[in-house]
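Each chain is listed here by its residues.
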Amino acid sequence: MGIKIIKPGLFTTLQDLGRPGYRCDGIGPGGVMDFFAASVANFLTGNDEHAPVLEMHFPAAELLFEEDALVSITGADFGACIDDAETTLWKPLLIKKQQRLSFKKHNSGARVYLSVQGGIKADRWLNSYSTQIKVQEGGYKGRALLKGDGLDLLAGNSFFGLKNFPVVTALAMPVYKPASPIRCIGGTEWGIVEDESKAKFVGELFSITAQSDRMGYRLQAINLVLNEPVHLVSSPVDLGTIQLLPSGQLIILMADHQTTGGYPRVANVISADLPKLAQQH
Amino acid sequence: MQETNSTGNRFQITPLSDRSVLVSFGNIIDASINEKVFSLHQLLLQNPFDGFIESVPAYASLAVFFDTLKIKKLTGITAFVFVKKFLIQLLYQAHSLKVTEYPVKKIPVCYDPEFAVDIIDVAQLHGLSIPEVISLHTSVIYRVYMIGFTPGFAYMGTLVQELITPRKEQPRLIVPAGSVGIAGAQTGIYPIESPGGWQIIGKTPLQLFNAKNTSPCLLAAGDRIQFFPIDKNNFANHGD
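The listed protein sequences correspond, in order, to chains G and F. Heads up: the first sequence begins at 1 in the numbering used here, then just goes up one per residue. Heads up: the second sequence begins at 1 in the numbering used here, then just goes up one per residue.
I should point out that these hints are in silico values taken from the structure, not numbers from a laboratory. The reader is advised that the hints may include incorrect statements.
Said to hold, decoys possible - List of simulated lysine-lysine pairs, BS3-like, C-alpha gap at most 30 angstroms:
1. G:Lys177 x G:Lys141
2. G:Lys121 x F:Lys212
3. G:Lys276 x F:Lys84
4. G:Lys91 x G:Lys121
5. G:Lys198 x G:Lys96
6. G:Lys198 x F:Lys84
7. F:Lys168 x G:Lys134
8. G:Lys134 x F:Lys84
9. G:Lys134 x F:Lys72
10. G:Lys4 x G:Lys91
11. G:Lys141 x F:Lys73
12. F:Lys72 x G:Lys276
13. G:Lys276 x F:Lys70
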């Protein structure tokens, strides 16, 4: 009972708000790429904001509900349909037993989130339900979902008692547009970037190359020049840190980033723009 | 802007991100600098500020992560200004940043070329015999400078001059878990299977990383390590 995975989609995992506190062990916090969409998804179903959600990319999963469920779908618009009928994002929805949730068209955004009222059963590791792919712990057996997998739901009959349903006003619903400006602060090594290169960096239209994933977004090289050659010993990094690789490419560290690195940190995306960035593709 | 505390320790405190700062003592692999990093890390753990999340030691720097909104709410000033002030005060109070010396952890390593896939090349490069490489590698008590790169990967140093070896030109796509490697003046153990560019000179049967433990990593920054050789036949007996 619960949800059966009919089609797994491209890298579908259970995630929550992550596991801070273990960076000393080389274990980064991980968690959802878009904490705004994920938190709102849980808000709409009355879950705690730390409840695990399903994070999906396009092509997204096709899910068969084996029991009635109150859900919400937030984040990217992938043409969500319940039994082939278009449904709405950013609000609580009722999916009935034997109905299928599928995603037909990539309209905007990059990650879609599914929250189920009462919660989805997930493996807990180091205080979090997020999937840690490298060590294969947490989430659903520490891996991405496959066809035939089953997710257990924890609601029981609890949603029958719900009376007041939260809403998200149109003003709060993000609209994902390509090339939205992403705000940053100067990185630890911003000071050694040549002035001309600094000017080039700000305002450049970057493409998120195909070698991008939850660990980081690889951007094309733009010939950023440093004032002096640098050989850094390994030092900590954070989510949103933009590193300059020896190839000249830039990489923005995302949810599953390593905790330390030896490449110059030229800039750091501000926390407020991380959800927007997570929806760029 | 560089600051100097009462003992002449030079440091810089800059934002790492909008919810973390970096305390930097330099840019070298040096035991005395790493001692300062580790001391500040320990001091913070003993005297955290409200809103402190965690601190992460590295070779010559310490990152401090915090809850920005909580600090702003509690103090009325921006988190960066508050945390920077707090850390400077902590550094000034620590008249001599002392280090707790931990007992030496002994790590069994099998240096047989079956596991030590690069040991023959490393020996040849330095004009040494394999027993000499083993002797040089096991003769030193190493310091764990930091954990990073993958869960549980301990960067240790420093190798004796005769063993300093560059990384492999072509990193391997897969290095088996437990592989002991060297690169530059560092040595380390791959706790989980991962890609890697270090020269593999041995393998340990110890589990450096065990997800089932509440503290999943065997090693931590500040630990002291010494390797000892075991032969292939005893490999299974030394597993934890």
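Here is what the structure says about each hint:
no.	hint	result
1	G:Lys177 x G:Lys141	violated (35 angstroms)
2	G:Lys121 x F:Lys212	holds (19 angstroms)
3	G:Lys276 x F:Lys84	holds (29 angstroms)
4	G:Lys91 x G:Lys121	holds (22 angstroms)
5	G:Lys198 x G:Lys96	violated (54 angstroms)
6	G:Lys198 x F:Lys84	holds (26 angstroms)
7	F:Lys168 x G:Lys134	holds (23 angstroms)
8	G:Lys134 x F:Lys84	violated (34 angstroms)
9	G:Lys134 x F:Lys72	violated (35 angstroms)
10	G:Lys4 x G:Lys91	holds (22 angstroms)
11	G:Lys141 x F:Lys73	violated (39 angstroms)
12	F:Lys72 x G:Lys276	holds (24 angstroms)
13	G:Lys276 x F:Lys70	holds (23 angstroms)
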